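Here the protein sequences come in this chain order: A and C.
Per the working numbering, the first sequence starts with residue 1, numbered consecutively.
Per the working numbering, the second sequence starts with residue 1001, numbered consecutively.
Derived by calculation from the structure, the hints in this document are not laboratory data.
The structure presented is a predicted model; accordingly, all values stated were derived computationally and were not measured.
Heads up, a few of these hints could be off.
With a cut-off of at most 20 Å between alpha-carbon atoms, the simulated SDA-like pairs for lysine to any residue come out as follows [stated by the list, open to error]: (1) K1346(C) - V84(A); (2) K348(A) - A1210(C); (3) K147(A) - V84(A); (4) K348(A) - K1229(C); (5) K1346(C) - M224(A); (6) K1346(C) - G1406(C); (7) K1229(C) - P1251(C); (8) K348(A) - R1144(C); (9) K1346(C) - G1433(C); (10) K348(A) - D1277(C); (11) K348(A) - N1273(C); (12) K348(A) - G1268(C); (13) K348(A) - G1433(C); (14) K348(A) - G1406(C); (15) K1183(C) - A1210(C).
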Amino acid sequence: MNDLRLRFGQNLGLWLGVLLFVLLYALYSTLHPKGWTVDLLVQNANESFALIMVSMAQAVPVITGGIDLSVGPMMTLVNCLASVLVSGTPGAIVLGILACLAAGALAGFVNGCIVVYGRIQPIIATLATGAVYIGIALFLRPSPGGKVDENLSWVATNALAEMDTTYHWFPDGPPAWFAETLGRVPVPIVLILAVVLLIWVPFRNTVTGRGCYAVGSAEGAAYMSGLDIGRSRLAAYTLGGLFAACGGLYLALQTGSGNADIPQAGAYTLNSIAAVVVGGTSLYGGSGGAVGALFGALVLRAISFCFRVFDSNGPLGFLSNPLLQPIFEGVILLLAVSLGAARVFRVKNRLTLFT
Amino acid sequence: MAETAAPILELSGVSKRYGGVRALDGVDFACRRGSIHAVLGENGAGKSTLIKVIAGVVQPNAGTIRLNGRTVTFPSPQAANAAGIVCIFQELSLLPDLSVADNIAIADPPRRFGLIDRRAQRRRAEQLLARVGCEDINPLLQVRQLPLSRRQMVEIAKALGRAPQLLILDEATSALTAADVEKVYAILHGLRDSGLSLLYISHRMHEIEALADTCSVFRNGQHIDTFPKGARSDEQIVQMMIGREWHSVYPPKPQRTAPPPPALELNGVGWENRLHDISLAVGRGEIVGLGGLDGQGQRELLLALFGVLRGVSGEIAVNGTPCRIGSPAAAKSPQVGMALIPEDRKTEGLMLPMSVRDNISIAALGAMTRGAVVDRAQEARRIDEVAARLKIKFGRLTDAVATLSGGNQQKVVIAKWLLTGARVVLLNDPTRGIDVGTKQEIYQLLRDLADAGTAILFYSTDYDELIGCCDSVLILYDGRIVRTLQGEAITEANIVASSLNLPLARAAAESAA
Chain A
1 MNDLRLRFGQ NLGLWLGVLL FVLLYALYST LHPKGWTVDL LVQNANESFA
51 LIMVSMAQAV PVITGGIDLS VGPMMTLVNC LASVLVSGTP GAIVLGILAC
101 LAAGALAGFV NGCIVVYGRI QPIIATLATG AVYIGIALFL RPSPGGKVDE
151 NLSWVATNAL AEMDTTYHWF PDGPPAWFAE TLGRVPVPIV LILAVVLLIW
201 VPFRNTVTGR GCYAVGSAEG AAYMSGLDIG RSRLAAYTLG GLFAACGGLY
251 LALQTGSGNA DIPQAGAYTL NSIAAVVVGG TSLYGGSGGA VGALFGALVL
301 RAISFCFRVF DSNGPLGFLS NPLLQPIFEG VILLLAVSLG AARVFRVKNR
351 LTLFT
Chain C
1001 MAETAAPILE LSGVSKRYGG VRALDGVDFA CRRGSIHAVL GENGAGKSTL
1051 IKVIAGVVQP NAGTIRLNGR TVTFPSPQAA NAAGIVCIFQ ELSLLPDLSV
1101 ADNIAIADPP RRFGLIDRRA QRRRAEQLLA RVGCEDINPL LQVRQLPLSR
1151 RQMVEIAKAL GRAPQLLILD EATSALTAAD VEKVYAILHG LRDSGLSLLY
1201 ISHRMHEIEA LADTCSVFRN GQHIDTFPKG ARSDEQIVQM MIGREWHSVY
1251 PPKPQRTAPP PPALELNGVG WENRLHDISL AVGRGEIVGL GGLDGQGQRE
1301 LLLALFGVLR GVSGEIAVNG TPCRIGSPAA AKSPQVGMAL IPEDRKTEGL
1351 MLPMSVRDNI SIAALGAMTR GAVVDRAQEA RRIDEVAARL KIKFGRLTDA
1401 VATLSGGNQQ KVVIAKWLLT GARVVLLNDP TRGIDVGTKQ EIYQLLRDLA
1451 DAGTAILFYS TDYDELIGCC DSVLILYDGR IVRTLQGEAI TEANIVASSL
1501 NLPLARAAAE SAA
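Isolated chain A, as found in the complex (with noise of 0.2 Å):
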């Protein structure tokens, strides 16, 4: 019991992200004429993919006490990539998803080299590289367009169920508990489980996992300690380098198309960093964790949908003007952060405010 409360206690930021994001997409739910039914939430979770995927991303980079400004990059970067070579036979797609996922983690991976073996500090290394990471996407893809296969396209964006229907898994017609249940899930929520089961959760609980959160919380001491302080860093890159892509890919598949949008990388590259934070990661480092900024995403992605949702006759109707949307999401995106903070006053020594 008082082991948990300590737990829960080491956990507050992320929890506070799950509960923001668990009322505002009731909120929306609710409000919204489609509430609650597998449509929405397809929609949604399709909308919220590729943030999450670039905000985790970012998250990993920021354990270690770095950043990484590359993130928006590398996912358009991939997305270019996956619209030239995600077509063709089934071996040729498999192929292409493989390349784009490798290409994410070198980029990745150079990041971290220059970082580790450069001595450069990441926020201007990272930002130099995700320049030259859009020089290669618009190399790629000088304006938009490509192609992607349209099946996979179709499955990757759809509930479960699509699978069957597009592929003839079940050559019977699918039995009753998989129409009633599984198949009602979207398939981005189970591609996201895969990657944080598959991928952040064993990571976490390898030696050099343990080192990112080492070095993010005292670089010297994790030394002294003996740990291979390059390697954990390193791989803090890489792994951001692949979820990216992650976000990449899924990006080309949802639109179909690949673009080398400047705008829209540096707009991805800040939220995730707003992410990261309201999922309860310190920008210091040491402390967080992937799974936080999942849900740090969540909830700026359920800010938006919110604003889709006020009725424009309604008492909060002026809510609904979209010019004035950017505002009220920097203001509720401060409101969240701060409920992060809001230990400050719990604090009887100043002292510790510092550490």
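Following the hints, position chain C against chain A.
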């Protein structure tokens, strides 16, 4: 038997230069199996560098290291760890955001299928904590949630978990409570008896008396002498360390006929459940000591006075005027005129990457402006004065303060507060980890300040200092002042007895028995 044991570690002709500074100069040094070997020397004598060389943190420029008779080189701390050399450093090597169990197992956690096995890790942490007598620490707590003294015990447990052959302790007991020190002594003696070698660095003579078998003295990067414990008197050892004559460590105390007018008065000060009903007065020109076991509220009292704590009750008066001190900025304002020399100079005392000059003048800049602009000429003149007065040793004023030795860093902190012209000076264990030479200078400086009319409130974990420096000593126990000792009554027996909240008569009877 001890004489015949082969050395586990031998250094011959080891030298290390940092720029133009010779930190180690042709050192020959050996360390035997099954012994506790104390290394003594002033700050800058080369002790830390010696340890860093042995632990693989820095590479020597010349010389060889032999471990168990074989020549070895340690390119990194990992290599030294793998060879069984484990260090407990003065600067704690714990990761504040990770849990105690994570920290203890950090280098080589138990794994299953390549992933960290949290349950096994927790069991191991519990076993190791039990071995150092700290079963009360929950392994799931984050290290940042523990007080400094507990962190040091975790650090020791972590070191034991690596099955060391040679354990190096660098000032590893400086933050321990008296009860923990006893436990640590017992653990270290047990380790020695099981055949381990221990290299031990401390500035506390009585610890060395209690622990070491062999002592080595270093000075200016050179190995001066090695001798069995007890072969040299304290005076001889101190003389070897400083290389000059050593008179009395403490300046004489003034004789008073009447108590001086009070400069700082507290009436019923309390805070949370850590301080209760503290009333005291510090007279102009008086040095008042705060004693007692570590963690009885001494630090909180100083922080409360300096405006760091929120929600302090009771009355505080400076020079007879009641005042509310809501922040360090208010405490240092000319109306109050307070200064606090903090406990941890690296985080609370100094801005390490900034220059010596900027560090010295930062607190007094407000008083050195012409219009809105800092008067550079006045600043430079006053810095030169205070640096000369404190005999601070530095290359150039523009060097980063991080490049100075520990003793000189502490002098910079003191210089910073001298410049503000504070009339009430609070000191929080200011001589921790500082060499004897600098300590002596600080004692003299405190007495000079007091003679010039400053009121000084001085917390120290070293009883000798309280006895030698203070006009009166207040003993805190559980957040209350339990005894005030004055004049002849300031003795070690009385301080120890009061710290444990025992009546003085009984303590005297026990020491007589």
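Right, here's what the structure says about each hint:
For the proposed pair K1346(C) and V84(A), the alpha carbon gap of about 55 Å is over 20 Å, so the pair is violated. Distance hint between K348(A) and A1210(C) is unfulfilled; the C-alpha atoms sit about 39 Å from each other, more than 20 Å. A distance of roughly 7 Å separates the Cα atoms of K147(A) and V84(A); the hinted pair therefore holds under the 20 Å criterion. At most 20 Å may separate the alpha-carbon atoms for a hinted pair to count; K348(A) and K1229(C) exceed this at roughly 47 Å.
Between the alpha carbons of K1346(C) and M224(A) the distance comes to roughly 18 Å, so the proposed pair stays at or under 20 Å and holds. Straight-line distance between C-alpha atoms of K1346(C) and G1406(C) comes to about 9 Å, which keeps the hinted pair within the 20 Å bound. With a CA separation close to 29 Å, the supplied pair K1229(C) and P1251(C) exceeds the 20 Å bound. Straight-line distance between C-alpha atoms of K348(A) and R1144(C) comes to about 16 Å, which keeps the hinted pair within the 20 Å bound.
Under the criterion of a C-alpha separation no larger than 20 Å, the hint pairing K1346(C) with G1433(C) is consistent with the structure, at around 12 Å. Taking the CA atoms of K348(A) and D1277(C), the gap is about 18 Å. The hint holds against a cut of 20 Å. Restraint check for K348(A) and N1273(C): satisfied, since their Cα atoms lie roughly 11 Å apart, inside the 20 Å limit. Only pairs whose Cα atoms come within 20 Å are accepted, and K348(A) paired with G1268(C) is accepted, the gap being roughly 19 Å.
Restraint check: the Cα-Cα separation between K348(A) and G1433(C) comes to about 29 Å, which exceeds 20 Å; the hinted pair is violated. For a cut-off of 20 Å, the pair hint linking K348(A) to G1406(C) is broken: about 30 Å separates their Cα positions. This hinted pair checks out: K1183(C) and A1210(C) have alpha carbons roughly 13 Å apart, not beyond 20 Å.
Consistency note: the structure conflicts with the earlier hints numbered 1, 2, 4, 7, 13, 14.
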